[in-house]
Amino acid sequence: MSEPWDVESDDAIHRGPPVTVDRYGRGKRVNHWITACSLILLLLSGMALFHPSLFFLTGLFGGGQNTRMLHPWIGVVLFVSFYIFFFQLWKANLFTKADMGWFTGIRDVIGGHEERLPEMGKYNAGQKVIFWAMALLIIALIATGILIWDQYFYDYTSIETKRFAVLIHAVSAVLIICVFIVHVYAAIWTRGTIRAMTRGSVTGGWAWRHHRKWLRELAGRGRIDPAE
Amino acid sequence: MMDSPRTAVSNPPVQPMESNLTERDLIRRSATSELPTPERQLTPVAKLIDVSKCIGCKACQSACVEWNDTHPEIGANVGYYTNPHDLTEDMFTLMRFTEWVNPETDNLEWLIRKDGCMHCADPGCLKACPAPGAIVQYSNGIVDFVHENCIGCGYCIKGCPFNIPRISKVDHRAYKCTLCSDRVAVGQGPACAKACPTQAIVFGTKEDMKKHADDRIADLKSRGYANAGLYDPPGVGGTHVMYVLHHNDKPHIYADLPDDPKISGVVQAWKGVTKYTGLAAMGLVAAGAILHGVFGRANRVQPEDEENAEKLVDSAAGHREDA
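First to last, the protein sequences are chains A and B.
For the first sequence, this note's numbering gives the first residue as 1, with consecutive numbering after it.
For the second sequence, this note's numbering gives the first residue as 1, with consecutive numbering after it.
Read the hints as simulated data drawn from the structure, not as lab findings.
All C-beta atoms in this analysis are idealised placements derived from N, C-alpha and C, irrespective of residue type, glycine included.
One or more of the hints may lead you astray.
Non-contacting residues of chain A with respect to chain B, defined by C-beta distances greater than 10 Å in every case (computed) [to be verified]:
hint	residue
1	D22
2	I34
3	V80
4	P118
Taking CB as the label site, the calculated pair distances span [said to hold, decoys possible]:
hint	chain 1	residue 1	chain 2	residue 2	range
5	B	E39	A	W33	48 to 56 Å
6	A	I194	B	E304	16 to 24 Å
7	A	R221	B	E304	21 to 29 Å
8	A	N66	B	A76	32 to 40 Å
9	A	S53	B	H85	35 to 43 Å
10	A	F153	B	A286	28 to 36 Å
11	B	T277	A	C37	26 to 34 Å
Produce the complete structure using the sequences and hints provided.
Following this line, the structure appears as structure tokens:
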């Protein structure tokens, strides 16, 4: 029998006590933090050029010229690291019927009443939205970013194309920053989440509370203490 | 000394002079919202290029290169006179040659337009520029690039309706015609106007230049150019470099001079609504998160969640062991 989409290669339960569940292997965590650091650096350098009141942020990168030179390269790092991550995670982020219940119960989501919502797999519907939004916006940003990377690509497109590119780049950047804020806040608000990306594991109770379907799948398939 | 020079033909004095064009004369400064109002208003200046009097000698190009001490690459002749083939970071002005057959007369007309920065009253480059003080506009109308503040992003190119600025591949800074701001600052006219042997390029106050243009247009009309006129496009608030065109009804025949130039709506949207709604959107999302964090209860795992997880895992493990 094939594994459900939700179950990823590194996922496993340790009986403990207390019960812990491996959620992200070392490779995925390293990749996540490379992506995260690049996104923060892109946010700072990009905002510096987005609004004059934030131009002082160029000081963090050694001045305006360096900011202009570095920003696109950091974008390349983000694109590569995110898309390695993407191909590891995309299957578990496909939408299912249960996700509809999550969307219609969004009030309970915000209020923290998960017991009133359908059981979620490895990712809940909100996480999936963030995943696909990031994926699409990063494509938009790298594509338009290359069009306005004048140092290397000036000759390949018209000025009118570049005007549209810079507008789409700015709008996409605003959207991805909003998505980023929601992502970070949700990880903080849902206590016990951040250790999934630092230590790589979560507590059994966390998995039961937030991703019960995933926990059941892991347990049902005997992904328990594989090392023993 | 007069606040703005009236002509380009006078010779400079031999004694050193103070610059009469300073930071205090700025009416716009890129990426700067609070600029002190200048204490004086300089008389607006303009360069008038009478296309009908141009003989295509390129003395203006040579004078420009000489005065600005640029070193354009020696190019190749590919069969037409426009040389170099485009404006570059080392060539701020360029004679563009067009062979145009007038459909009314069936005559070949050799149109020669001296291309370069138009010094718009509403400069798109300055609007687009993200670097504080990299592009400035003086109260006499000159739009100037301040290279030490330039970051080389190329936004000015996207803002410009005339495709003028060029970024140097060497120092990554933007270059264009300065209207010889350094000469105007000491009472001299631009080098190109001074060098022009036929007075096709003249320089003075914008008012004088418009009057002079009127005389020239009347002369052209009397000689059969019914559509002769002044190119001072209102879409960019008028310009401080103007043309007398014998066919002012169709500026595009002069090597694609825009018929009705204005700052692109895309650039306006990018620099206007996107900036404000963008900042507002990011601020709202951040504020929403903070409010939810402060007033909402954290989503904590409860002891019974841990117990349930243990039961589930134990029973699953138990099944495995039994089997």
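Violated hints, by number in ascending order, as checked against the structure: Violated hints: none; all satisfied.
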